[in-house]
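Novice: In case you want the letters, here they are:
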Amino acid sequence: MSYMDKSITEIHELLKSKKVTSDELVKEALEKTHEIQDKCNAFVTILDDAKGSEVTDNLLSGIPYGVKDNYSTKGILSTGSSNTLKDYVPFFDATVVEKLNAAGAVKVNKTALDEFGMGGTGTTCHTGAVRNPWDLKRMCAGSSAGSSAAVAAGVYPYALGSDTGDSIRKPAAYCGIVGYKPTYGMISRYGLFPYASSLDHCGVLTRSVLDAAIVTDVIKGKDKNDMTTWDSSKINLEKACTGKVKGKKLCYIKEITDKNRYKNASKELLEHLDNFQKTLDKARELGMIVDEVSVDEKLLRAEPSVYNIISYAEATSNLSNLTGIIFGPRGDGDNYIEMMKDHRTKGFSPLIKRRFVIGSYVLQKENQERYFKNAQRVRRLLVDRWKEIFKDYDAVILPVSQGPAKLLDAPKEELDENTTILEEHLQIGNFGGFPSITIPNGFINNLPVGVNITGNCYDDENVINIAYALESSMDYKNQIVKEVK
Amino acid sequence: MGKYIAKIGLEMHCEVSETNTKAFSAAKNSYSEIPNTNVRPVDMAFPGTLPVVNKEAVRMALMASMILNCKQPEYMYFERKNYYYPDLPKGFQITQETKPIPVGIYGEVEYECDGELKKVRVNNLHLEEDAASLDHFYDTSNIDYNRAGVPLLELVTEPDFHNANEAVAFLEHMRSVYQYAGISEADSKKGQIRCDVNVSIMEEGLDESDPKNWGTKVEIKNVNSFGGVRDTINYEIERQIELKETGEYEQMEQQTRRWDEESGTTIYMRSKVDAIDYKYFVEPNIPKFKITKEWLKEIKASIPELAMDRKKKYIDKFGLSAYDASVLVKEKNISDYYEECVKLGIDAKVAANWVSVNIVGELNKEDITIKDFYITPAMLKQITDALSSGLLSSKQAKEVFAKAVEEQKEPKNFISKENAQISDESELTKIIVEILDNSATQIEQYKGGRDNIFDYFVGQVMKNTRGKANPVMTKEILHKELDKR
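Sequence order for the protein chains is H and V.
Read the first sequence against the working numbering and you will find it ends at 485, with the numbers running on by one and no gaps.
Read the second sequence against the working numbering and you will find it ends at 1485, with the numbers running on by one and no gaps.
No wet-lab data here; the hints were simulated from the structure.
Just to be clear, a hint being listed does not mean it is correct.
[Unchecked claim] Here are the computed lysine to aspartate or glutamate pairs in the DMTMM-like style, where the Cα-Cα straight-line distance is at most 20 Å:
| id | chain 1 | residue 1 | chain 2 | residue 2 |
| --- | --- | --- | --- | --- |
| 1 | V | Lys1099 | H | Glu369 |
| 2 | V | Lys1099 | H | Glu366 |
| 3 | V | Lys1288 | H | Asp231 |
| 4 | H | Lys365 | V | Asp1274 |
| 5 | H | Lys365 | V | Glu1097 |
| 6 | V | Lys1081 | H | Glu366 |
| 7 | H | Lys341 | V | Asp1277 |
| 8 | V | Lys1081 | H | Glu369 |
| 9 | V | Lys1288 | H | Asp384 |
| 10 | H | Lys224 | V | Glu1011 |
| 11 | V | Lys1272 | H | Glu366 |
| 12 | V | Lys1118 | V | Glu1011 |
| 13 | H | Lys373 | V | Glu1097 |
[Stated by the list, open to error] Short, incomplete list of chain H residues facing chain V, as computed with Cβ under 7 Å:
| id | residue |
| --- | --- |
| 14 | Ile46 |
| 15 | Asp48 |
| 16 | Gly191 |
| 17 | Ser197 |
| 18 | Val293 |
| 19 | Ser320 |
| 20 | Asn321 |
| 21 | Gln364 |
Glycine included, C-beta positions come from ideal geometry on N, C-alpha and C.
Using the sequences and the hints given, assemble the complete structure.
Specialist: Set out below in structure tokens:
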């Protein structure tokens, strides 16, 4: 009998009725952790001495979960999947972890990520690439790769993720699960290792929308340690899952979803776009109105560069604290500059270094106006355009990526301007701080694919409920990988 | 100087010492001799920590901005100044640049220099965080993070000073402003005031309002005492004139130098060309916040009386001389003490005399501050009351004051009727003459050679005064009066 493949409410009832104990759940989660570690390489740290906790009325009490390794966990190695912090044991918990501790949740592992959340493949972790449990030859996408793999494989019902571009919502699609990042500032970032502060969001990976709502209700809230948080005490996401969506208005963007725009489209991509249309039909069947809207192509095409410029710039500054002087392995050198250089040269992967160089370049006095400031202007234009859409629509619905998970050893694909925006449009959700959720909407070649729903800031209840209704109209709720191979 | 006019500008950094906590951290803002005791995780830039603005520091900064007659911003922003140095754990300093505008821009201040009122224009005032302090030893350096994150106000003047006297007078004025406004102790011994000085020279007769005529700006960094500022300016003016005289001035590039206290010279650091690019950008973790008109009004109304106001009051209302008034307002704590005396009902002139002469003299002699001085205003009043009621002569009052200080006992112990001595010459003479007038027989015996009769007279005086007569004076006067007969 396994329990970790069930939903949070089911497990809670089993705990309450004493059909299973928290200790038994922890034991199962740890066993599965080891199994998945062997197959997927999803974890940085496995907390083998984790113990069950008291079962209370809190739905999360006694239930195991996973923490992405870019969250600060007191007394537990927290690496950000980087060599620069490979031995770093924090002395304080992230606010989110503190809240889960208080709820009686039991963390059983720290999950691998693309180093400091940078990268969308799950392959740049200092512990090596994370493999997709649906097909071990494939990637999970990233950066919340380990969390996604573990939830999909049934290690536990939920894991913490973080999302700067699409780091929760894309791996969720590749792993056939739910990935949700609420409105910016709804969940405190205190204790989350930063990548790009104005884009970073905390969030969750689960196997159902209701579970995402339940976990988010526990971890959200105003935090005196994070000035960007706001009071969401009136928002109850669990209660918002009513399934009543008749008359809700959705729209999709023509320039992203029109098959005719992809001249050299692969069979997979065409199938993915067809499948997306089928999901729209489901939405219509639920009584929602679904329209096509058009967005200036020039604006859309600028989007990926805007993301790169802003996120790299903020990253180069945010990660300047990694010098190996106060924490992290001390570098060699005759003076502090050489010591810092040595620490950073050895510690960071080439991908991050490239981003630092670009980030530094776009912030330079002579370049700032042309790159960084312009990127901020275009970010504003995109956000304004989306806000305009939200005047007429409850949410924007779009397919995630170009189809299912990519092969780990596939040659680096060449994206043209159209596929790039299909691949990167989720970043607009970070530009605006919009609530955004990915749910599974089918299979292509026996691999899961996902669809994303993004709404206006502070409208999380609406977004969650639309996702909940749509999820209920399809067959992928609570799905897990039957056999990892 | 003759042919040349010096143009001098100051950047004055003053720590805000009167807030409870640091600028963006909950750590205690307090000077401590024990290193690394006032530190929170954010002060050492542990991964995941976030800045939280100290509203009290902003309030004080806005108050300073008003006192400097600057314009206050509508919205408050903070920015990152990015550079690597061991005293800067985050790899950037949270500060304010001139765009968006800081706590204050374009002000004007009146200050007194050698009895004359002068004006200086303020370019801007901004609030930032201090760096850690470094102690360098032979082959190691120690870092103390107590100072990291302490709020710091940086005031930038236009180059309106023409000599060291003006610059130092302005600094003294500002120190007094910060003390009187309750913003800072402004103690350079504690490293709370640090200055950068810029100096250039121009030929006399040229239009001073045109910046093109100002000459080549030389900035001298890290001058940490007012004496140092004076020496730096004088040295630099002389150095630059010499370059003019030898014809080398035109080749001198805009540069940064540092003041070397040991040699009493300025030393070349770098040219303008090598200036560091700090890659400023708006701090994303601190949302911009509106400074309401109501709040500004509230702050304005709470500006305490400053030194110049008090001085005027002392002259106009209390009738003190300009000199005495200046002495009393020089240190806020002394002025506060004086005001307390007046409040308690001591005559303003009498109090002024006691404070500026006796008390300041005592403080200087013992090298203590008035806060550590034993005699409180209430105790001083015991003395001045006894003086005005005739219980004490002025000489006795001084003696009582000295005794109280010496024995750390309240003055009233020494001025009760029972134990106060009569040391007033005329009073004693009166008593003695009366006794002698009624002692014709004894005088005759005394004159006849019975010396021990003298003791009889002393006894009579003591009997008459119930033992309060000053014995030494009594004997002196007796001899004098007996000789007359």
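Novice: Determine for every hint whether it applies to the structure shown.
Specialist: The hints, checked one at a time:
| no. | hint | in the structure |
| --- | --- | --- |
| 1 | V:Lys1099 x H:Glu369 | holds, 13 Å |
| 2 | V:Lys1099 x H:Glu366 | holds, 16 Å |
| 3 | V:Lys1288 x H:Asp231 | holds, 17 Å |
| 4 | H:Lys365 x V:Asp1274 | holds, 13 Å |
| 5 | H:Lys365 x V:Glu1097 | holds, 13 Å |
| 6 | V:Lys1081 x H:Glu366 | holds, 16 Å |
| 7 | H:Lys341 x V:Asp1277 | holds, 19 Å |
| 8 | V:Lys1081 x H:Glu369 | holds, 17 Å |
| 9 | V:Lys1288 x H:Asp384 | holds, 19 Å |
| 10 | H:Lys224 x V:Glu1011 | violated, 34 Å |
| 11 | V:Lys1272 x H:Glu366 | holds, 15 Å |
| 12 | V:Lys1118 x V:Glu1011 | holds, 18 Å |
| 13 | H:Lys373 x V:Glu1097 | holds, 16 Å |
| 14 | Ile46 | violated, 21 Å |
| 15 | Asp48 | violated, 25 Å |
| 16 | Gly191 | holds, 4 Å |
| 17 | Ser197 | holds, 4 Å |
| 18 | Val293 | violated, 30 Å |
| 19 | Ser320 | holds, 2 Å |
| 20 | Asn321 | holds, 4 Å |
| 21 | Gln364 | holds, 6 Å |
Hints 10, 14, 15, 18, counting from the list given before, are not met by this structure.
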